[in-house]
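A.B. asks: Residues 186 to 417 in my numbering are what the sequence shown lists, from first letter to last.
Just so you know, the hints here were simulated from the structure itself, not pulled from any lab data. As the structure is a computational prediction, the values presented were derived from the model and not from experiment. C-beta: ideal position from N, C-alpha, C; glycine also. Some hints could be false.
Unchecked claim - Only pairs whose alpha carbons sit at most 30 Å apart, straight line, appear in this in silico DSS-like list of lysine-lysine:
id, residue 1, residue 2
1, K407, K391
2, K407, K390
3, K196, K236
4, K196, K272
5, K274, K407
6, K274, K203
7, K390, K319
Stated by the list, open to error - Label-pair ranges, simulated between beta-carbon atoms:
id, residue 1, residue 2, range
8, W194, P232, 25 to 33 Å
9, P232, K407, 38 to 46 Å
10, S240, A408, 44 to 52 Å
11, P232, Q291, 41 to 49 Å
12, W194, Q291, 20 to 28 Å
13, Q246, S331, 17 to 25 Å
14, N333, A193, 16 to 24 Å
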Amino acid sequence: MDPVTALAWEKHALDQIKVDGQYRLLVWEPETSVMVLPTGPRWKMPPESTKQMTSYGWQVQYRQTGGSPVPQTPGVINLSMVYAWPKDKPLSMSGSYQLLIDLLTQWLAHYGIQGGTGEVEGAYCNGTYNFVIKEQKLIGTAQRISSNTNQQYFVLAHAFILFDADILQLIKAVNHCYQSLNLTEVFDTSAMTSLTQLDPQLKGKKASLIENLECTAHAILKAHSQQQNTQS
186 MDPVTALAWE
196 KHALDQIKVD
206 GQYRLLVWEP
216 ETSVMVLPTG
226 PRWKMPPEST
236 KQMTSYGWQV
246 QYRQTGGSPV
256 PQTPGVINLS
266 MVYAWPKDKP
276 LSMSGSYQLL
286 IDLLTQWLAH
296 YGIQGGTGEV
306 EGAYCNGTYN
316 FVIKEQKLIG
326 TAQRISSNTN
336 QQYFVLAHAF
346 ILFDADILQL
356 IKAVNHCYQS
366 LNLTEVFDTS
376 AMTSLTQLDP
386 QLKGKKASLI
396 ENLECTAHAI
406 LKAHSQQQNT
416 QS
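Turn these sequences into a full structure, and let the hints steer you where they fit.
C.D. replies: Right under this line is the structure:
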């Protein structure tokens with residue numbers, strides 16, 4: 186899928202859930218290489234820098250969730266989902282992140298992969314809710330909270346999962362991006378890992394992994410939605 190199309194899906198899904206309250210999810214893999222930046226003045230890339238990124242083979246786009254630049258390229262599996270936050274619970278950023286982490290933990294357990302969360306020195310888009318395996322970042326997460334006129338909160342959550350992407354090329358692209366923005370951070374390939382690096386036998390199982398991820402996400406979001414309806 187074109188990352189631009191996926192970003193448009195996220196925007197539309199967040200608009201729609203405010204109307205009908207129905208969760209939505211999308212599992213997708215980029216067809217092209219795109220550097221996706223968060224909105225905000227720090228990340229506004231000048232035209233000459235955008236042209237420079239294009240010369241390296243990377244388009245530049247902007248997303249609604251926070252964080253920092255994320256390279257989207259074939260070999261990165263993405264989970265985008267929107268759902269309603271329970272009306273009777275105080276809004277909790279950690280709680281909404283934990284739902285996503287629990288989902289990913291359950292999915293990876295099917296393949297004997299266990300990990301935790303935390304920051305990893307040298308990883309790009311670093312954050313507290315990285316999914317980490319043996320001190321290397323496997324999955325990045327981001328989210329955005331929105332509300333409707335009734336003060337009902339809705340969560341747009343996103344996970345980018347390194348399946349078999351070329352980590353060296355990803356790191357080079359992110360470092361070029363930061364240099365173009367006159368930022369000093371430098372990232373390191375040793376801070377990142379992928380599913381096929383962890384288990385080379387997964388190389389030929391991408392389709393089944395994606396199907397399993399979709400099923401796991403649907404099950405968790407359906408249970409979350411039913412619990413909310415019971416409490417309403």
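A.B. asks: All hints, please: hold or fail.
C.D. replies: Results for each hint:
Among the hinted pairs, K407 with K391 is consistent with the structure: their alpha-carbon atoms are about 24 Å apart, no more than 30 Å. Distance check on the hinted pair: K407 and K390 sit about 26 Å apart at the alpha-carbon level, within 30 Å; holds. For a cut-off of 30 Å, the pair hint linking K196 to K236 stands: about 26 Å separates their Cα positions. With a C-alpha separation of about 22 Å, the suggested pair K196 and K272 falls inside the 30 Å cut-off, and the hint holds.
Pair hint K274 plus K407 holds up; C-alpha atoms about 18 Å apart against a cutoff of 30 Å. Restraint check for K274 and K203: the C-alpha separation of about 18 Å stays at or below 30 Å, so the hint holds. The straight-line distance between the Cα atoms of K390 and K319 is roughly 23 Å, inside the 30 Å bound, and the hint therefore holds. Checking the proposed 25 to 33 Å range against W194 and P232 shows it holds: the Cβ atoms sit about 27 Å from each other.
A hinted range of 38 to 46 Å for the beta carbons of P232 and K407 is consistent with their spacing of about 45 Å. Remark: the range hint 44 to 52 Å for S240 to A408 is upheld by a beta-carbon distance near 47 Å. For P232 and Q291, the hinted distance range of 41 to 49 Å is satisfied, since their beta carbons lie about 44 Å from each other. At about 24 Å, the CB distance of W194 to Q291 agrees with the hint of 20 to 28 Å.
Distance hint check for Q246 and S331: the Cβ-Cβ separation is about 20 Å, which falls inside the suggested range of 17 to 25 Å. At roughly 20 Å, the beta-carbon separation of N333 and A193 lies within the given 16 to 24 Å, and the hint holds.
The earlier numbered hints are all upheld by this structure, with none contradicted.
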